[in-house]
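S.K.: Using the hints provided, position chain B relative to the given structure of chain A.
Chain order of the listed sequences is A and B.
Note that my numbering gives residue 1004 to position 109 of the first sequence, counting from 1, and the numbers run on in steps of one.
Note that my numbering gives residue 1035 to position 140 of the second sequence, counting from 1, and the numbers run on in steps of one.
Do not rely on the hints blindly, as some may be mistaken.
What the hints assert, rightly or not - Where chain B lies over chain A, by a calculated footprint (3+ residues, C-beta under 8 Å):
1) 910-924
2) 932-945
3) 998-1012
Stated by the list, open to error - Residues from chain B that keep clear of chain A, each with C-beta distances beyond 12 Å, as calculated:
4) Gly1001
5) Asp1043
6) Thr1067
Claimed, not checked - Calculated lysine-lysine pairs in the BS3-like style (CA-CA distance at most 27 Å, straight line):
7) Lys1035/B with Lys1058/B
8) Lys934/A with Lys934/B
9) Lys1058/A with Lys931/B
10) Lys955/A with Lys934/B
11) Lys955/B with Lys931/B
12) Lys934/A with Lys1058/B
13) Lys955/B with Lys931/A
14) Lys916/B with Lys1035/B
15) Lys955/A with Lys1058/B
16) Lys1035/B with Lys955/A
17) Lys934/B with Lys1058/A
18) Lys1058/A with Lys955/B
19) Lys1058/B with Lys1035/A
20) Lys1058/B with Lys931/A
21) Lys931/B with Lys1035/A
22) Lys1035/B with Lys1058/A
23) Lys916/A with Lys1035/A
24) Lys934/B with Lys931/A
25) Lys931/B with Lys934/A
26) Lys931/B with Lys955/A
27) Lys955/A with Lys931/A
I should point out that these hints are in silico values taken from the structure, not numbers from a laboratory.
Idealized CB from N, CA, C, for every residue including glycine.
2 protein chains.
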Amino acid sequence: MTTVVNGVNVQALLEAREALKSAPEAAQFTWRANSKWQKGVHSTTTIQGFFGLGQEQNHKTEAVFDADHPEVFAAEDNGITPIEYLLVGLASCLTAGVASVAQNRGIQLRSVEATVEGAHDIRGILGVDSDVRNGFNDVKVTFTIDADASQQDIEALVAQSQKRSAVFDALTNPTNVTVEVA
Amino acid sequence: MTTVVNGVNVQALLEAREALKSAPEAAQFTWRANSKWQKGVHSTTTIQGFFGLGQEQNHKTEAVFDADHPEVFAAEDNGITPIEYLLVGLASCLTAGVASVAQNRGIQLRSVEATVEGAHDIRGILGVDSDVRNGFNDVKVTFTIDADASQQDIEALVAQSQKRSAVFDALTNPTNVTVEVA
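Pulled out of the complex, with its shape left as it was, chain A reads as follows:
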């Protein structure tokens, strides 16, 4: 078999899978974000620490994200809108999955691009019509993949990525979200 180089350490992931079979408590992660209101609908959200493998962990660097509304919503557009962050998460999660599955199946990738479109009827959030939901009506992801593989094998890569995607699951199935005031 030709060695494929997609840059994913699949061996380490397979070892982690084996190790976590007998240590489910190590698999319990907590991801965290801290958000500060700036002005208007502009906020900055910081991410650095998380919990996993039984202890506190840190990303190498602190990441800061601006969110705002665009000028057509009478705001200053100091960042993308909150709902667009969901598309960033979805695109990047499915792409990471494609790379991981390709590595595991010995498929050399040359390029992977994804375009994501989220249809959103803003009458919900504006309170125009209570029958219109607040979130996306639907989301469509289109992959363009150049790889040493048949179209059928490429479609199977994408299907497997979907099956194991954290963000795909989080968007297509309900999650309990609790909101409290300290």
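M.R.: Just chain B now, kept in the frame of chain A:
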């Protein structure tokens, strides 16, 4: 009534609400993201254009987001993980809502902070146990708000923000997501 200055143009939003009552087609937005695989599970996602109010629109600047896995997943940590982007979206959406509702109710905000925690059993995505879901087990948001208002009024602000939040809806209710290969 004292004039409150939270920086949200509520008048424009109320006018938009009125205008969209008779022009539902203008309320149909499409948000877009374009993602490119870099190496391993590292990707960069770009956001600039979107469709709304019947025509193509643009954010003032193009925004680029790196996503990767942390070093504990044998990756290079060139960015936050895809699932963490959902927390950025949730925190910023609820915070924008708090500011908008406060402005509408004449409540002066001094500071708003939100911490978001997403519990995630990674045995799902690693394929250790098919009974474990891929996404979050649950998400908890805690607001700390300093404002010219009673605790009860502050709690009501947060409750109303939740009720109109696009991202809160997208995470707590299912959305149809279609994934295709071009």
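S.K.: All hints are to be evaluated individually against the structure, with a verdict given for each.
M.R.: Consistency of the hints with the structure:
1. 910-924: With 8 residues close enough to chain B, the hint holds.
2. 932-945: holds (count 9)
3. 998-1012: Coverage by chain B holds for the segment 998-1012 of chain A (8 residues, Cβ < 8 Å).
4. Gly1001: holds, 16 Å
5. Asp1043: holds, 15 Å
6. Thr1067: About 5 Å separates Thr1067/B from the closest Cβ of chain A, which leaves it inside 12 Å; violated.
7. Lys1035/B with Lys1058/B: holds, 16 Å
8. Lys934/A with Lys934/B: violated, 37 Å
9. Lys1058/A with Lys931/B: holds, 20 Å
10. Lys955/A with Lys934/B: holds, 18 Å
11. Lys955/B with Lys931/B: Roughly 21 Å between the alpha carbons, so the hint for Lys955/B and Lys931/B holds.
12. Lys934/A with Lys1058/B: Since the Cα atoms of Lys934/A and Lys1058/B sit roughly 21 Å apart, the hinted pair holds (cutoff 27 Å).
13. Lys955/B with Lys931/A: Holds - the C-alpha atoms of Lys931/A and Lys955/B are around 22 Å apart, at most 27 Å.
14. Lys916/B with Lys1035/B: violated, 34 Å
15. Lys955/A with Lys1058/B: Violated - the C-alpha atoms of Lys1058/B and Lys955/A are around 36 Å apart, more than 27 Å.
16. Lys1035/B with Lys955/A: Given that 27 Å is the threshold and the Cα spacing comes to 24 Å, the pair holds.
17. Lys934/B with Lys1058/A: holds, 21 Å
18. Lys1058/A with Lys955/B: Outside the cut-off at roughly 36 Å; violated.
19. Lys1058/B with Lys1035/A: Holds, because 25 Å separates the two Cα atoms, which is no more than 27 Å.
20. Lys1058/B with Lys931/A: With Cα atoms ~20 Å apart, Lys1058/B and Lys931/A stay inside 27 Å; holds.
21. Lys931/B with Lys1035/A: Since the Cα atoms of Lys931/B and Lys1035/A sit roughly 16 Å apart, the hinted pair holds (cutoff 27 Å).
22. Lys1035/B with Lys1058/A: OK: Lys1035/B and Lys1058/A at ~25 Å, within 27 Å.
23. Lys916/A with Lys1035/A: The hint is violated at about 34 Å.
24. Lys934/B with Lys931/A: Given that 27 Å is the threshold and the Cα spacing comes to 32 Å, the pair is violated.
25. Lys931/B with Lys934/A: violated, 32 Å
26. Lys931/B with Lys955/A: holds, 22 Å
27. Lys955/A with Lys931/A: holds, 21 Å
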